[in-house]
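Enquirer: The lines below spell out each chain.
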Amino acid sequence: METRAQGLPLFTGICFLIGTLVVVQLWLLAAALEAARSEMPHVLVPATIASLALLLVNAGLLWYVVDFDRRLRRQGEGGDG
Amino acid sequence: MSDTPDGKIPRWRLDFPIRWDDDHYVTRRELAKFLTLGSALLVGATGAVAIWGRRARPGQYPRQRVAEAAAVPAGGTLLFRYPTEADPCILLRLSSGRLVAYSQVCTHLSCAVVHEPGSDELFCPCHHGAFDAVDGRPAAGPPTRRLPRIRLEEEGGDVYAVGVEV
Numbered sequence: 000m001e002t003r004a005q006g007l008p009l010f011t012g013i014c015f016l017i018g019t020l021v022v023v024q025l026w027l028l029a030a031a032l033e034a035a036r037s038e039m040p041h042v043l044v045p046a047t048i049a050s051l052a053l054l055l056v057n058a059g060l061l062w063y064v065v066d067f068d069r070r071l072r073r074q075g076e077g078g079d080g
Numbered sequence: 000m001s002d003t004p005d006g007k008i009p010r011w012r013l014d015f016p017i018r019w020d021d022d023h024y025v026t027r028r029e030l031a032k033f034l035t036l037g038s039a040l041l042v043g044a045t046g047a048v049a050i051w052g053r054r055a056r057p058g059q060y061p062r063q064r065v066a067e068a069a070a071v072p073a074g075g076t077l078l079f080r081y082p083t084e085a086d087p088c089i090l091l092r093l094s095s096g097r098l099v100a101y102s103q104v105c106t107h108l109s110c111a112v113v114h115e116p117g118s119d120e121l122f123c124p125c126h127h128g129a130f131d132a133v134d135g136r137p138a139a140g141p142p143t144r145r146l147p148r149i150r151l152e153e154e155g156g157d158v159y160a161v162g163v164e165v
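Line by line, the protein sequences are chains A and B.
Heads up, the first sequence is in numbering that gives the first Met the number 0, so the first residue is 0 and it goes up one at a time.
Heads up, the second sequence is in numbering that gives the first Met the number 0, so the first residue is 0 and it goes up one at a time.
If you are wondering where the hints come from, they were derived from the structure by calculation, not from laboratory data.
The model shown is predicted, which means the values in this text are computed figures rather than measured ones.
Don't be surprised by glycine CBs; every beta carbon is placed ideally from N, CA and C.
Mixed in with the good hints there might be a few duds.
Said to hold, decoys possible - Computed beta-carbon distance windows for the label pairs:
{"no.": "1", "chain 1": "A", "residue 1": "Val65", "chain 2": "B", "residue 2": "Pro141", "range": "44 to 50 Å"}
{"no.": "2", "chain 1": "A", "residue 1": "Arg73", "chain 2": "B", "residue 2": "Asp5", "range": "22 to 28 Å"}
{"no.": "3", "chain 1": "A", "residue 1": "Val65", "chain 2": "B", "residue 2": "Tyr60", "range": "39 to 45 Å"}
{"no.": "4", "chain 1": "B", "residue 1": "Arg80", "chain 2": "A", "residue 2": "Gly12", "range": "27 to 33 Å"}
{"no.": "5", "chain 1": "A", "residue 1": "Met39", "chain 2": "B", "residue 2": "Gln63", "range": "57 to 63 Å"}
{"no.": "6", "chain 1": "B", "residue 1": "Leu13", "chain 2": "A", "residue 2": "Trp26", "range": "27 to 33 Å"}
{"no.": "7", "chain 1": "B", "residue 1": "Trp11", "chain 2": "A", "residue 2": "Ala29", "range": "41 to 47 Å"}
{"no.": "8", "chain 1": "B", "residue 1": "Leu93", "chain 2": "A", "residue 2": "Met39", "range": "41 to 47 Å"}
{"no.": "9", "chain 1": "A", "residue 1": "Met39", "chain 2": "B", "residue 2": "Leu13", "range": "50 to 56 Å"}
{"no.": "10", "chain 1": "B", "residue 1": "Ser95", "chain 2": "A", "residue 2": "Ala29", "range": "16 to 22 Å"}
{"no.": "11", "chain 1": "B", "residue 1": "Lys7", "chain 2": "A", "residue 2": "Arg73", "range": "37 to 43 Å"}
{"no.": "12", "chain 1": "A", "residue 1": "Thr2", "chain 2": "B", "residue 2": "Asp5", "range": "40 to 46 Å"}
As the list claims (entries may be wrong) - Just so you have them, the derived chain A footprint on chain B, three or more residues with Cβ under 8 Å:
{"no.": "13", "region": "35-42"}
{"no.": "14", "region": "95-101"}
Said to hold, decoys possible - If you want a taste of the chain B side facing chain A, the calculated C-beta under 7 Å gives, among others:
{"no.": "15", "residue": "Leu30"}
{"no.": "16", "residue": "Arg53"}
{"no.": "17", "residue": "Arg54"}
{"no.": "18", "residue": "Gln59"}
{"no.": "19", "residue": "Val161"}
{"no.": "20", "residue": "Gly162"}
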C-alpha cells in the first residue's frame, strides 16, 4: 500500500535522478557537437543511442511516479507530490 | 477568485488565473515532466547533430601553394592559412630535414601553437601544452588530441598543401 510518506521522498529522489540524467544528456550533446566539428563521425551514433537510452530511463521513472501518484489517489489518501 | 466588492471576477483575472503567491509553486510532478520533456529535446538535438555530422563529409581540399621549399631551413617555420583564410597553419622543417605542417590551433582551448626553437616540438603558451612536431601527437600539458596535419606535396621546388588529416 502506497502512502504519502513514501511518496514525498520518492518523488524528490526521482526528480533528482532525472535531473542528473538530463545533465549527462547535455554532456553527450556537447560531446557529439565536438565530434561533429572534429570530423569524428564514429562518436555520433553511440552518443545518440546513449542519449535515447537515458530518455527511456527518464520516461520510465516519470511513468513510475505518475502511476504511484495515481494509485495513491485511488486509495483516497491524497498526495500532491 | 472574486477580487471586487460586488463579487465579479475582473477581466484581467480571467487572463491570469494564477495568484501571485502561487506563482512560484511548481510540483515535483511538473518538474519531472518538464525534465523528461527536456530529455526528449536533448535526444532530438543529439540526433540532429549526428545526422548533420555524418552528412558533412570531409570535402575536397584545394591544392594551395605554401612556399618555396628552400625558403624554410631546418628548424625554421612559416605561417600560412589553409584550407580557408580562417584556418591558421604552421609549416615546419624538422631537424631531420622533412617538411611537415599542422593546424596552428591548439586542440585544448584553441590558442595558437608556436615552434619551440631547437626542438621538434610545437608549444602552446596558453597552458604549456606541447605537441610532437613529427606526428602532431600531444607530448605534454593538457591537450589530449593530436594537431590536425596538413598533407603536403613538393613539386618543382615548391610546397603545396593538398589536404587536412584530423
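Enquirer: Confirm or reject each hint.
Expert: Verification of the hints:
Take Val65/A and Pro141/B: their Cβ atoms lie about 45 Å apart, and the range 44 to 50 Å holds. The supplied range of 22 to 28 Å is broken by Arg73/A and Asp5/B, whose beta-carbon atoms lie about 41 Å from each other. Between Val65/A and Tyr60/B the beta carbons are some 54 Å apart, a value that contradicts the proposed interval 39 to 45 Å. In this structure the hint that Arg80/B and Gly12/A lie 27 to 33 Å apart at CB is violated, the actual value being about 54 Å.
Roughly 25 Å separates the CB atoms of Met39/A and Gln63/B, a value that falls outside the hinted 57 to 63 Å. The hint said 27 to 33 Å for the Cβ distance between Leu13/B and Trp26/A, and at roughly 44 Å that hint is violated. For Trp11/B and Ala29/A, the hinted distance range of 41 to 47 Å is satisfied, since their beta carbons lie about 43 Å from each other. The beta-carbon spacing between Leu93/B and Met39/A, approximately 27 Å, falls outside the hinted interval of 41 to 47 Å.
At about 55 Å, the CB distance of Met39/A to Leu13/B agrees with the hint of 50 to 56 Å. Checking the proposed 16 to 22 Å range against Ser95/B and Ala29/A shows it is violated: the Cβ atoms sit about 39 Å from each other. Separated by about 38 Å at the C-beta atoms, Lys7/B and Arg73/A satisfy the suggested range of 37 to 43 Å. The beta-carbon spacing between Thr2/A and Asp5/B, approximately 45 Å, falls within the hinted interval of 40 to 46 Å.
Proximity of the region 35-42 of chain B to chain A, defined as three or more residues with a beta carbon under 8 Å from a beta carbon of that chain, is established by the 6 residues found. Counting residues of the region 95-101 of chain B whose C-beta lies closer than 8 Å to any C-beta of chain A gives 0; at least three are required, and the coverage claim is violated. Here the hint on Leu30/B is kept, as its CB sits about 5 Å from the closest CB of chain A, short of 7 Å. Interface hint status for Arg53/B: upheld, as the beta-carbon distance to the closest one in chain A is roughly 5 Å, under 7 Å.
A cut of 7 Å between beta carbons decides the hint on Arg54/B: the least distance to chain A is about 9 Å, and the hint is violated. The criterion of a C-beta within 7 Å of any C-beta in chain A is not met by Gln59/B, whose closest approach is roughly 14 Å, and the hint is violated. For Val161/B, the interface hint is violated, the least distance from its beta-carbon to any beta-carbon of chain A being 17 Å, above 7 Å. For Gly162/B, the suggested interface contact is broken, since its CB lies about 12 Å from the closest CB of chain A, more than 7 Å.
Hint violations for this structure: numbers 2, 3, 4, 5, 6, 8, 10, 14, 17, 18, 19 and 20, all remaining hints satisfied.
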